[in-house]
Each structure stands twice: as C-alpha cells, then as structure tokens.
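The whole structure should be built from the sequences, with the hints applied where relevant.
Sequential numbering from 1 applies to the sequence shown in this note's numbering.
Hints may contain errors.
[Stated by the list, open to error] Under the rule of at most 25 angstroms between Cα atoms (straight-line distance), these lysine-lysine pairs were calculated in the BS3-like manner:
id: 1; residue 1: LYS381; residue 2: LYS313
id: 2; residue 1: LYS393; residue 2: LYS460
id: 3; residue 1: LYS426; residue 2: LYS374
id: 4; residue 1: LYS468; residue 2: LYS489
id: 5; residue 1: LYS460; residue 2: LYS426
id: 6; residue 1: LYS148; residue 2: LYS79
id: 7; residue 1: LYS468; residue 2: LYS313
[Unchecked claim] Estimated spans, in silico, between C-beta atoms of each pair:
id: 8; residue 1: PRO504; residue 2: GLN206; range: 45 to 51 angstroms
id: 9; residue 1: PRO141; residue 2: GLN242; range: 53 to 59 angstroms
id: 10; residue 1: LYS90; residue 2: ASP323; range: 52 to 58 angstroms
Simulated from the structure, these hints should not be mistaken for laboratory data. No residue lacks a Cβ here, since even glycine has one placed at the ideal position from N, Cα and C.
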Amino acid sequence: MSKKQITRSLSVFAAFLFSQQAFSSAVVESEFELVLPKQFQENLIEEKWKSLENQEFKANWQFPDQTVEAANGVQVQLKGISVSLETELKKPSLGSSQTQVVLSSKDLAAQMTIASISVDQWIEQTVGGITGRFHLVADCPNVVLNMKPGAGSFSVALNPKVGSNQAGGTVQDISLTWQKEAWSAAAFTCTGAAGFDDIVNQQISQISADSAAFVDPKKELILSYLNGYIGKWSFDFSKPRQLVSSRDDVNISMVVDDFNDTNPDRALAKGRVIVEFTRAPNAEATKLELAKGDVNYGTSGQAVIRLPAGFAKEMISRAYAADSWVHQFYSSQISGFSSVMNSRFMQFFVWPELMDYPKSSKFLFNLYSNKDPKISGSGLKYQVSANLYSQMKAPKNGKYIPFMNFTVPFSSGISLGISDSKAAVKFTGTTLDLRYAWDTSYVKSYNPRTRFAASTIEGKILGAISGKTMNVTLPAIPLTEGVKLKIKKATTLSNSDLMLQLAP
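In structure tokens:
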C-alpha cells in the first residue's frame, strides 16, 4: 500500500471515529421529604399483609411433654407433641380497634402427632375384696391425629409497629379452634397392659371435645412461634429503591438518609432522589435543595412527598437535552397527517409525492432536539422553547428509506396536572415554524414531485398540539419491597416547592 493510500485510509478512519456521538452520564441529586401520618403507616402495613393473602401458610409447632390424669388416677404421659398447619390466609381486615389487622384461615388442614402416649405407674386396685398394688406399664408410639376438613379455624391478630426505619407488626393474639369430634386417629398399636388403647382413645376424645383446654396453656409459646414468622415480613425504609423509567437511558433511585418517627402524629423521612441520564452531552452533577424553613404538612392523614421547586424543570431540561434522545413514531399517530393520507384531493394540492403511496402507508418519524430546550417557570407551569429536528422515512420495498427532513423551532406553554398516577401535560399558546428539505438520496433515486405546502401541514400539526392534553403514566414510588405508593395529586407550596400526595 502506498504512502498516499495509507494517509487516505487514516483520514477516513479518523473522520468515522470523530463523527460518532460521544455520550456522558449526567447526574441530578435532589433532596426530598416524605411524610407518613401514623394512620397512613398503619394502613400501609395492612397493605403489606395483603401480600400474605395468597401465600401458603405452613407451621410445625413443637410443644413440651405433658402429663394428664385419666380415669382411676392413671397418669398418662404425652411426649413429642407437635401440631402442623397448612392454610391460606384470607384478605386481612382491620379489627375493632381500627388499627389491628386480622388474618384468618382458608381451608385449614391440621395434623397432630404424639410421639408416645405411655404410662409407667404403680396403682392400687381392689379386686374381690382384696386390695393389691399393680405395676401398670404400656406405650402407644406415633399416634397421629388428622383434623377433618372444615372442622377447624385459625386466625392471627396483628398490631402494626413502626419504629426507626423499620415497619412491621407484632402478633397480639391467636385463635385455634375446632369442633367436637374434629380429630380422627390413624391406626396405632400399643404394647404392655391390655386395654390401654381405650385410655388413649379417651384422651383423643378429650382433645377433640375441648380445643380451648388444649390450646390456651400453649398460647404464649404459639405467639412466640408466630412472631418469629411475622418478623420475616417486616420491611426497611432505608434501603435504596429503583423506580421504573420509561426510557432505558434514564436511571432513577431513591435513598432514605433519615427516618424520624418521634412525632406522635407522623413519621418524616428525608433522603435523595438520584437521576442518572446516561446519554447526556456532558458529564455534569447537579444538586437540588428543598426550600429552607418549616413546612405545614396539614392534618389530612395523607402521605406526601416534597420536592424542590426546580425539580420538574431540571428533569425536562436533562431529558430533552440536545441530541440525547430520539422519539420514534408513525404517521398514523398524527391526526393531521392521517387526514392528508386519506384524501388524494388534498394530497394533490399540498403534498403530491404522497399520491405515489397507498393511503394505508405508514411513514416513520425520528424526532429529537438538536439544541438544548429553553425552559422558564416553576412548579406546575412552564414556557418551553426548543429546536426540534425530525427525519421522515418512507416505506419502500419492505424497508424504510430517508424521505424528508424537518427543522421545527417550537414554543409552547405547558401546564402540568396530576391525578391518579397520570400526569396531564397541556400545551397552550403553541407556535412553530416548519422548515423542510427533501433528502438528497431520495431526490436522486426517485425524482419526486417536490411541491410541499408547508403552511398547511404546519397548521395541521398545530391543530394536533395546541390546546390538547397528553397523558403520561407516572411510576410508583417503591417505599419498600412489595409496597409502592402511587402519585395521586400535585400542588405547589408558597415557597414554590412541589408537593405530591401519595396513596397505596
């Protein structure tokens, strides 16, 4: 290869290298305050327990050995007692105190196992007027009792507990009851004194006849078992949480740095929202602070989150920075364009090249901003000016090819409203100037009719935007695993900070 060829190759390679868009990561870190009134916390924990509704509850409780007195003073030893339960927990409801969560069983299945029922005792017995001492020894191993379907019920009463940065519940009471003759014994064998199996059957009958006599002495132990189980369902407010973003180049997380529940009416969490824009033109770090001074959060009992006044403005500026995003959509999504496609008469006068395409054709648009948008305002009202660029592609032979390019200086007032996890974006006073150019490769290949009534198309685009409202679904705030808060309403405070009302 000659020196001239090498130089040319290097030049081509360099041109290719430096023509690629280099992206950086810009990070915005914003303070927030999250207020959770006490009643809201209790309701929130109730929502948490709802996650148990379709969970299979399994327990295998071990109880201490015990001695019961049978007929004629015979002391019967019950050793290795265990009760296993399997059930689903019904949707919880608040108890009469309005703060207690009650979980009740559905299709309870239970089994009781007694490793050994035995006797080893000297007894006195009178037979034919003669009193004698007899050594009574007998043992019935592995006695298994099964509860009949629908014969028993089980419920747990929980009290919500919120402290420091943890939330959960404590078991206040349990109820395990069954009907008379609820238990049936599997076949068992006994060794030793004849007739001892009758005594065993009597003990089984007593257990079946009186659930309270069996359960009540063991309640404290059962409560300790259940509190250990319920402890697994507590949650931690302080762990970083990821929010779902509609764009793969935007990562959002929340971190709670301080959680204070010393106020008798509410808990206050302070932390940071961290937003990373991975396709930013420049690597920058921005910090947003809340307005200083005390804030009156009212006594509505609603949960709210407070964000700095400039939060929305900063998000819009970063999200739509120059060359950092591309929005792709089809012509069928533009109402004004659809009316042109459906009328050959209109096409003849305003855009004759479209007549070479079927009315059902879908053109593809790639839209982005090639300059940073200018934004003024705060809270929920803004004025936005941006220079938008759109590449229009035409469907040809099963693929999309470059067709036309548009530059659109755009200006509009924007009003934000939030209701039931949706942001309503209303465009008012919208102006734009549609500038166009045919793609040179398309002109060279297809020799199109290049007449284009820009003012007519511009009017149709304006008609599709100005005064119209666009709805955007907002991501839920993941307070903790399994518990998300939806944004219900937005207001601005006197200090211009943004206040969002939340609900489970």
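Against the structure, the hints:
no.: 1; hint: LYS381 with LYS313; verdict: holds (10 angstroms)
no.: 2; hint: LYS393 with LYS460; verdict: holds (19 angstroms)
no.: 3; hint: LYS426 with LYS374; verdict: holds (18 angstroms)
no.: 4; hint: LYS468 with LYS489; verdict: holds (20 angstroms)
no.: 5; hint: LYS460 with LYS426; verdict: holds (17 angstroms)
no.: 6; hint: LYS148 with LYS79; verdict: holds (23 angstroms)
no.: 7; hint: LYS468 with LYS313; verdict: holds (21 angstroms)
no.: 8; hint: PRO504 with GLN206: 45 to 51 angstroms; verdict: holds (47 angstroms)
no.: 9; hint: PRO141 with GLN242: 53 to 59 angstroms; verdict: holds (55 angstroms)
no.: 10; hint: LYS90 with ASP323: 52 to 58 angstroms; verdict: holds (55 angstroms)
Violation of the numbered hints given earlier is absent; every hint is satisfied by the structure.
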